[in-house]
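Novice: Following the hints, complete the assembly by docking chains B and C onto the known chain A.
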Amino acid sequence: MSAAEEVVTEAPAVEAVPKRAMTLGLGTSLAVLAALVIAPLFVKNFIIFQMTMLLIYGLAVLALNILTGGSGQFSLGQSAFYAVGAYTSAILMEHAGMNYALTLPIAAVICFAFGFLFGQPALRLSGVYLALATFALATAMPQLLKLHFVEHWTGGVQGLVVTKPDAPFGLPMSQDMWLYYFTLAITIGIYVASVNLLRSRSGRAFMAIRDNEIAASAMGVDVALYKTLAFGVSAAITGVAGGLGAIAVQFVAPDGYTIVLSISLFLGMVVGGVGWLPGSIVGSAFIIFVPNIAESISKGLSGAVFGVLLFLVIFLVPHGARQVALVAQQILGKLKKN
Amino acid sequence: MELFTNQVLAGIATGAIYACMALAVVMIYQAIDHLNFAQGEMAMFSTFISWQLMQWGVPYWWAFLITLVISFAGGILIERLLFKPLAKAPVLTNVAGFIALYGIINSVAGLIWDFTIKQYPTPFGSSPFLGSQLISTHQAGMIGVTVLLLVALYVFFQFTRIGLAMRAAAALPESARLVGINTSWMIALGWGMASAIGAIAGILIAPVVFLEPNMMLGVLLYGFAAAVLGGLTSPLGAVVGGFLVGIFENLAGTYIPGVGNELKLPIALALIITVLVFKPAGLLGRPIVKRV
Amino acid sequence: MLASRRTVAFGAAVAAFVFTSGAALAQKKYDTGATDKEIKIGHIVPYSGPASAYGVIGKTEEAYFKMINDNGGINGRKISFVSYDDAYSPPKAVEQVRKLVESDEVLVVFNPLGTPSNSAIQKYLNSKKVPQLFVATGATKWNDPKHFPWTIGWQPSYQSEARIYAKYLMKEKPDAKVAVFYQNDDFGKDYLKGLKDGLGEKASMIVAEESYEVSEPTIDSHIVKLKASGADVLISITTPKFAAQAIKKTAEIDWKALQIVANVSASVGSVIKPAGFENAQGILSAAYAKDAADPQWNDDPGMKKFFALLDKYYPEADRLNSSVVYGYGAAQTLAKILEMCGDDLTRANIMKQAANLKDFAPDTLLPGVKINTSATDFAPIEQLQMMRFKGEKWDLFGDVISGEVGH
Numbered sequence: 001m002s003a004a005e006e007v008v009t010e011a012p013a014v015e016a017v018p019k020r021a022m023t024l025g026l027g028t029s030l031a032v033l034a035a036l037v038i039a040p041l042f043v044k045n046f047i048i049f050q051m052t053m054l055l056i057y058g059l060a061v062l063a064l065n066i067l068t069g070g071s072g073q074f075s076l077g078q079s080a081f082y083a084v085g086a087y088t089s090a091i092l093m094e095h096a097g098m099n100y101a102l103t104l105p106i107a108a109v110i111c112f113a114f115g116f117l118f119g120q121p122a123l124r125l126s127g128v129y130l131a132l133a134t135f136a137l138a139t140a141m142p143q144l145l146k147l148h149f150v151e152h153w154t155g156g157v158q159g160l161v162v163t164k165p166d167a168p169f170g171l172p173m174s175q176d177m178w179l180y181y182f183t184l185a186i187t188i189g190i191y192v193a194s195v196n197l198l199r200s201r202s203g204r205a206f207m208a209i210r211d212n213e214i215a216a217s218a219m220g221v222d223v224a225l226y227k228t229l230a231f232g233v234s235a236a237i238t239g240v241a242g243g244l245g246a247i248a249v250q251f252v253a254p255d256g257y258t259i260v261l262s263i264s265l266f267l268g269m270v271v272g273g274v275g276w277l278p279g280s281i282v283g284s285a286f287i288i289f290v291p292n293i294a295e296s297i298s299k300g301l302s303g304a305v306f307g308v309l310l311f312l313v314i315f316l317v318p319h320g321a322r323q324v325a326l327v328a329q330q331i332l333g334k335l336k337k338n
Numbered sequence: 001m002e003l004f005t006n007q008v009l010a011g012i013a014t015g016a017i018y019a020c021m022a023l024a025v026v027m028i029y030q031a032i033d034h035l036n037f038a039q040g041e042m043a044m045f046s047t048f049i050s051w052q053l054m055q056w057g058v059p060y061w062w063a064f065l066i067t068l069v070i071s072f073a074g075g076i077l078i079e080r081l082l083f084k085p086l087a088k089a090p091v092l093t094n095v096a097g098f099i100a101l102y103g104i105i106n107s108v109a110g111l112i113w114d115f116t117i118k119q120y121p122t123p124f125g126s127s128p129f130l131g132s133q134l135i136s137t138h139q140a141g142m143i144g145v146t147v148l149l150l151v152a153l154y155v156f157f158q159f160t161r162i163g164l165a166m167r168a169a170a171a172l173p174e175s176a177r178l179v180g181i182n183t184s185w186m187i188a189l190g191w192g193m194a195s196a197i198g199a200i201a202g203i204l205i206a207p208v209v210f211l212e213p214n215m216m217l218g219v220l221l222y223g224f225a226a227a228v229l230g231g232l233t234s235p236l237g238a239v240v241g242g243f244l245v246g247i248f249e250n251l252a253g254t255y256i257p258g259v260g261n262e263l264k265l266p267i268a269l270a271l272i273i274t275v276l277v278f279k280p281a282g283l284l285g286r287p288i289v290k291r292v
Numbered sequence: 001m002l003a004s005r006r007t008v009a010f011g012a013a014v015a016a017f018v019f020t021s022g023a024a025l026a027q028k029k030y031d032t033g034a035t036d037k038e039i040k041i042g043h044i045v046p047y048s049g050p051a052s053a054y055g056v057i058g059k060t061e062e063a064y065f066k067m068i069n070d071n072g073g074i075n076g077r078k079i080s081f082v083s084y085d086d087a088y089s090p091p092k093a094v095e096q097v098r099k100l101v102e103s104d105e106v107l108v109v110f111n112p113l114g115t116p117s118n119s120a121i122q123k124y125l126n127s128k129k130v131p132q133l134f135v136a137t138g139a140t141k142w143n144d145p146k147h148f149p150w151t152i153g154w155q156p157s158y159q160s161e162a163r164i165y166a167k168y169l170m171k172e173k174p175d176a177k178v179a180v181f182y183q184n185d186d187f188g189k190d191y192l193k194g195l196k197d198g199l200g201e202k203a204s205m206i207v208a209e210e211s212y213e214v215s216e217p218t219i220d221s222h223i224v225k226l227k228a229s230g231a232d233v234l235i236s237i238t239t240p241k242f243a244a245q246a247i248k249k250t251a252e253i254d255w256k257a258l259q260i261v262a263n264v265s266a267s268v269g270s271v272i273k274p275a276g277f278e279n280a281q282g283i284l285s286a287a288y289a290k291d292a293a294d295p296q297w298n299d300d301p302g303m304k305k306f307f308a309l310l311d312k313y314y315p316e317a318d319r320l321n322s323s324v325v326y327g328y329g330a331a332q333t334l335a336k337i338l339e340m341c342g343d344d345l346t347r348a349n350i351m352k353q354a355a356n357l358k359d360f361a362p363d364t365l366l367p368g369v370k371i372n373t374s375a376t377d378f379a380p381i382e383q384l385q386m387m388r389f390k391g392e393k394w395d396l397f398g399d400v401i402s403g404e405v406g407h
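Protein chains in written order, with the numbering used here: chain A, 1 to 338; chain B, 1 to 292; chain C, 1 to 407.
Isolated chain A (complex conformation):
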């Protein structure tokens, strides 16, 4: 029998996305932005609500993209951070009467701390082991929220009802529309900040760790700091998404933040293109709308239809929406030449 150790030369689990391809071109970005700003004026409140959820889950997928696509750390525990953010907002709004907008930075800070702390023991884990650790976190969260000695704050299994804010200064728009634009503003802010983060020195450190942790360490990157930082930032953004989610849905309960949410966010990241920030919104659209499509095709087999559609997507575009964008770019390039 051979050596007691197993020697592995493996390719990085998360493939690198070239820096320039990390975002959309300026023209496309503006077009998408325009669409997002104008669309709510023409549709019903319910659609606006769905668009708000689209942005919120998009934020959560973005956070996961930074963590996994950026720093190469696998996480199935995002639902835990989302839940903490949601409950922070809900508790502050309902028990402390705080203004909803103020709860979000607090949620961000609390979740950053939480993620940073979780990143510490996670330092020694990678790949499937980290997956299990984050999975454990995600399954623990609903049960932690149900514990009877925090029941007074969290509402236990019954959850908390959250009051939706009205548009400020008496603006003539519905609650849904106001919340949408509020969310949009936050999303754009976080998106721009994230792109800058990934382009900065910290971002380069993340990517160095993702591509080859040992080499990065040998080159002087403070691996421990940046790995925990990535967790912290990712958790913070997810926490903000959670807070916004609590306000949009007007309700928080432990059963709304299960491992299923984590898995959905993961799928959103893969479908959007791992590490490609603009893909986050495509991934978010997938996880919101495709289950509805699957249900309309067959109520009894909605899970199977969803699985089949997911397979179709990953067969056709294994690298997610980024691949579609690249192909579109190439086609446009060829058209321009002709």
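For the record, the hints were derived by calculation from the structure and aren't laboratory data.
Among the hints, a few may not be true.
Below 30 angstroms or equal to it, Euclidean Cα-Cα: the simulated BS3-like pairs (lysine-lysine) are [unchecked claim]: (1) K28/C to K44/A; (2) K352/C to K164/A; (3) K299/A to K128/C; (4) K129/C to K44/A; (5) K299/A to K312/C; (6) K118/B to K393/C; (7) K37/C to K299/A; (8) K44/A to K312/C.
Specialist: Relative to chain A, chains B and C alone:
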């Protein structure tokens, strides 16, 4: 003291369930270096097939054998059709594939056999084992079969050419190809075997938890945890891990005041993570050395 | 341009006035979702996910309304039953209900299932003044017409049922040592509260309490722990799979305690049979509906109608599944109040009729159990009858008891 021994014994009994599942998990990991989320569902589906065969009048042991064959073939088929095309795709895309497979199998099983629980027979009977009321003969039988499987797997990997080829293909695919091993078919074989082992696990577990499409949900998680604790490269570790998780979970639930009962699963997982921090490859796994 | 438009509008108004005043004798009033030809009913239930076993309720109700439509509808209007999957997730429930109300424009949301989902949509529906009718959960909080006038329950609340067990124990086994095994969610906790409230000062009869999570594969070790407490009564507040496991395990470890099982898990087909008839002898529970597995109802006219519905419209249904019986009863209740509304199909009138049921007996409820509601009583079914398992079926005994829970 009596309560302690009772809980330990009860923990061994549930631990047998986790150990069974953990073996299947380790099997697939040996073959493809990933954890397959859909493993539990495949096991569940196989168990349903055996149940259906018995409903049609096939005797237990024949149903068992036929199901193993179907399960083995099914595992290979799934790999060839669904995952071979994804071989060049990124790891995370493959994981998404596992999740999709989970959804498909669970949904189809629910449609065919619906979600109400079904009784599943055991060849070992349900009377108290050796007079103890805490372990039934079935549970003792489960432990016995698990140990047998373990030995069989050990023999397979250590002493047969195919077993060696499979380990080589999983560890160093390029080198394995250079010596003439068909790595692609090794993966398929790994899937088939994992599927068959999963079927055995399901058939053993169903009499205790009752057969229904969602029966493997909790079991799979514990199986993962047990496999990771024991070391993903060690079938023996998987079994040991399974029993340890079962015992620890029960003791935590009994002796940790206040939250012990409500947080059984998180506490068990926390334990495993702590172990991993000190022994990253698990209790019995081979330490992995990464070369830059 | 403007002038002619105004004229047309005025003319239309005049015409409308003429028509409506002419029809004032047979006044038709509609809210969104009701027309001369159709009534749109919205519905959510888990068709996927861990609670998907309840999906059959939606399918049964769909079959019922199909039958109604084939027989001419209600007051000449066809029922359009729009049912969505909420996967037992509160955010999904909110999304689907908003879709029903704002996109599909239904008249009412009927029989939504599960306390988390209902808690999530209650405020929204009440603020939009859309009836949240006959909520499919036994949580006690749905009976609150003062704060939530648009929400009304249907089945006996968990606390009502628990009180009935408490009453029984205090009468028949006043010296009992009681162990309580409950699911760690709203269902389990609501029951536990009802039990403790029902026992009152004798709550010390409870010597052990043990909870479990739905994610646990098997609850066997909990049962072992409870036996060690020395209790001689076990109250099993569990959902079907775990109830069956508990029945099996208590028999296996030879724990000779009187076992009381919650009504949701009393189904012969889904629980007792898999657990083993021989293990379930002497178990107690309570019921408000007839059990299709009980041959004493084979010639009952109400159940005959039930079986006929299944034969024609939902043949693949598992008749022994109590969820199927449940769906029939709830659908029949909705049909009744829609009928009582006549041509006034406003949401306010629907709530008024829902609060106006007097001794209504759907086909599937036990004889003696009647639906009664009033402006202060939004708990339609409050009565149960206890039963003991003997042989291969439940034997009802005693009187129909009311488990009314005051506020």
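Novice: For K118/B and K393/C, compute the direct alpha-carbon distance and say whether it is at most 30 angstroms.
Specialist: 18 angstroms, holds
Novice: Would the hint linking K28/C and K44/A be met if the CA-CA limit is 30 angstroms?
Specialist: Cα-Cα ~28 angstroms, so holds.
Novice: Is the straight-line distance between the alpha-carbon of K352/C and that of K164/A 30 angstroms or less?
Specialist: Holds, at roughly 29 angstroms.
Novice: Would you check the hint for K299/A and K128/C, treating anything up to 30 angstroms between C-alpha atoms as holding?
Specialist: 27 angstroms, holds
Novice: Taken at face value, is the distance from the CA of K312/C to the CA of K299/A at most 30 angstroms?
Specialist: Given pair K299/A, K312/C holds - Cα atoms ~21 angstroms apart, limit 30 angstroms.
Novice: Starting from K37/C, check that the Cα of K299/A is at most 30 angstroms away, please.
Specialist: 26 angstroms, holds
Novice: Quick one, are K44/A and K312/C close enough, alpha carbons at most 30 angstroms?
Specialist: Distance ~40 angstroms between K44/A and K312/C Cα, so the pair is violated.
Novice: Does the structure keep K129/C and K44/A at a Cα separation of 30 angstroms or less?
Specialist: Within the cut-off at roughly 18 angstroms; holds.
Violated hint: 8 only; the structure is consistent with all others.
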